Amino acid sequence: MRPVARCFALALAMLALTACVSPPAARYQPAIDNTNILLRQGIRLGVGKFSAAVGVSNHSLAVRGSQLTGGSDGTFSTYLHDALVTELQTSGRYDTSSQLLLSGVLTRNELSSGIGTGTAAVGAEFSLTRNNEVCFKKTLLAEHKWDSSFIGAVAIPAAFSNYPTTVQKLLGELFADPDFIAAVGASTGSPGS
Amino acid sequence: MSVSSWLSRLFRFGVVLAACAGFTGCMTVKSYVDPTLPVISKTELPKVQQPQPVTVLFEFKTKGNNNARATNELSGRVVEDVTQSGMFGQLSTTVTDPNGALLRITIDNVADQKDAVAKGVGTGLTFGLAGSLVTDNYICTATYTMQGKSYETSVHHALLSTIGNHSPPQGLTPLTPKEAVNQIVDQLVWHALTQLDGEYAFRVGSL
Chain Y
1 MRPVARCFAL ALAMLALTAC VSPPAARYQP AIDNTNILLR QGIRLGVGKF SAAVGVSNHS
61 LAVRGSQLTG GSDGTFSTYL HDALVTELQT SGRYDTSSQL LLSGVLTRNE LSSGIGTGTA
121 AVGAEFSLTR NNEVCFKKTL LAEHKWDSSF IGAVAIPAAF SNYPTTVQKL LGELFADPDF
181 IAAVGASTGS PGS
Chain A
194 MSVSSWLSRL FRFGVVLAAC AGFTGCMTVK SYVDPTLPVI SKTELPKVQQ PQPVTVLFEF
254 KTKGNNNARA TNELSGRVVE DVTQSGMFGQ LSTTVTDPNG ALLRITIDNV ADQKDAVAKG
314 VGTGLTFGLA GSLVTDNYIC TATYTMQGKS YETSVHHALL STIGNHSPPQ GLTPLTPKEA
374 VNQIVDQLVW HALTQLDGEY AFRVGSL
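From first to last, the protein sequence lines are chains Y and A.
Mapping of the first sequence onto this note's numbering: residues 1 to 193, in sequence order.
Mapping of the second sequence onto this note's numbering: residues 194 to 400, in sequence order.
Hints listed in this document are in silico derivations from the structure and should not be mistaken for laboratory results.
Nothing here was measured: the structure is a model prediction, and the numbers come from that model.
It is possible that some hints are incorrect.
Quick look at which bits of chain Y chain A covers, simulated, 3 or more residues with Cβ under 8 angstroms [to be verified]:
#, segment
1, 25-34
2, 73-80
3, 89-99
One side of the interface only, derived from the structure: several residues of chain A facing chain Y at Cβ under 10 angstroms [said to hold, decoys possible]:
#, residue
4, Gln-245
5, Thr-248
6, Glu-252
7, Phe-253
8, Ala-261
9, Thr-286
10, Leu-295
11, Thr-336
C-beta atoms are modelled at their ideal positions from N, C-alpha and C, and glycine is treated no differently.
Construct all of the structure, not just a fragment, from the sequences and the given hints.
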């Protein structure tokens, strides 16, 4: 029986190892809900620097032995920066010459795929400056859950796929934040919303 | 360890490896497009008298959650479907005129994944001998907004997949998963546009 058991273990190991991958996070896609919010606000913004707070996972997130890696430069703070630019560009609200400049610090970055439920949490401290003076500073957090399989080949891609969704939620929190809206001096009710 | 014993073990490992490789052949996935939704061809689409420029926003969801990877893979197809419909003027995927026309399209895959996984496990444990049939339901919601007026419609479609040793659904042609998904996306978009045209949505701004 022992050789048979070893053979079975080897076969299982081979199947399990196929799940160990380290892809970059999927290219960020703007959320239609976020575009709707931005279209209602007559704002135009530039995007400044984004970094990560000490102790926050900025290069990779482990999910059952696989690793999700960050954005274009391998960091999740840049992923958040690029996501913000994408959202603003899609809604026609990105303006590199704007007096308003939005920067941020990644304060929380977690991803897990438990058996039954997967969870992600992404938080950031956003700072908005108008003519180099801070007019808004707030830490926001988005938490997200989804059904997670006990089979790694199903659960790992699902977790990786839900990370950008969590970032979409975080940016949605920002765009809908009453203090943010007041700070940018947005005029609401634009047509097309 | 003797050479004969070592060769015997090597042979057993070889048999296991060959079996692992061979079993994957039993787990073939075949896809079929559900025939419930009538097939509409490009030439059957309604003609719009004065096609307006439009911004197209697309989002793919899985059970209500945005799915960035699938959105990446399918957004080009959706935009191409809208272009091919001939019902619009210039198309953009970013808003250039906040007062211009907006077409928002979401496709939500509402498959019961727990059921699909349970069936998949059964099929997997029998190495494909106990085949299974899984249904993925798709709901497309399209919203057209122009000059403050919004029109919304939805279309349902389904993808049937057989895994392992399962008889095909009667009268349906097997396709690769990619071919089937492409057909489903085309039909969802074209049916949604046809329904919106039926509500006279595309006449706003052209009168």
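Each hint, compared with the structure:
Under a criterion of three residues with beta carbons nearer than 8 angstroms to beta carbons of chain A, the stated coverage of the segment 25-34 of chain Y is upheld, 7 such residues being counted. With a cut-off of 8 angstroms between beta carbons, the segment 73-80 of chain Y has 0 residues touching chain A; three or more are needed, and the interface restraint is violated. Coverage of a stretch by a chain is defined here by at least three residues with a beta carbon nearer than 8 angstroms to that chain's beta carbons; for the segment 89-99 of chain Y and chain A the count is 4, and the condition holds. For Gln-245/A, the interface hint is violated, the least distance from its beta-carbon to any beta-carbon of chain Y being 13 angstroms, above 10 angstroms.
Interface hint status for Thr-248/A: upheld, as the beta-carbon distance to the closest one in chain Y is roughly 8 angstroms, under 10 angstroms. Taken as an interface hint, Glu-252/A checks out: its beta carbon lies about 5 angstroms from the nearest beta carbon of chain Y, inside 10 angstroms. Using the Cβ-Cβ criterion of 10 angstroms, the hint placing Phe-253/A at the interface with chain Y is satisfied: the shortest such distance is roughly 9 angstroms. A hinted interface residue such as Ala-261/A counts as satisfied when its beta carbon comes closer than 10 angstroms to some beta carbon of chain Y; here the least separation is about 4 angstroms, so the hint holds.
Checking Thr-286/A against chain Y: minimum C-beta separation of about 7 angstroms stays under 10 angstroms; hint holds. Among the interface hints, the one on Leu-295/A holds; its C-beta lies about 6 angstroms from the nearest C-beta in chain Y, closer than the 10 angstroms criterion. Residue-level restraint check for Thr-336/A holds (minimum Cβ-Cβ distance to chain Y is 9 angstroms; threshold 10 angstroms).
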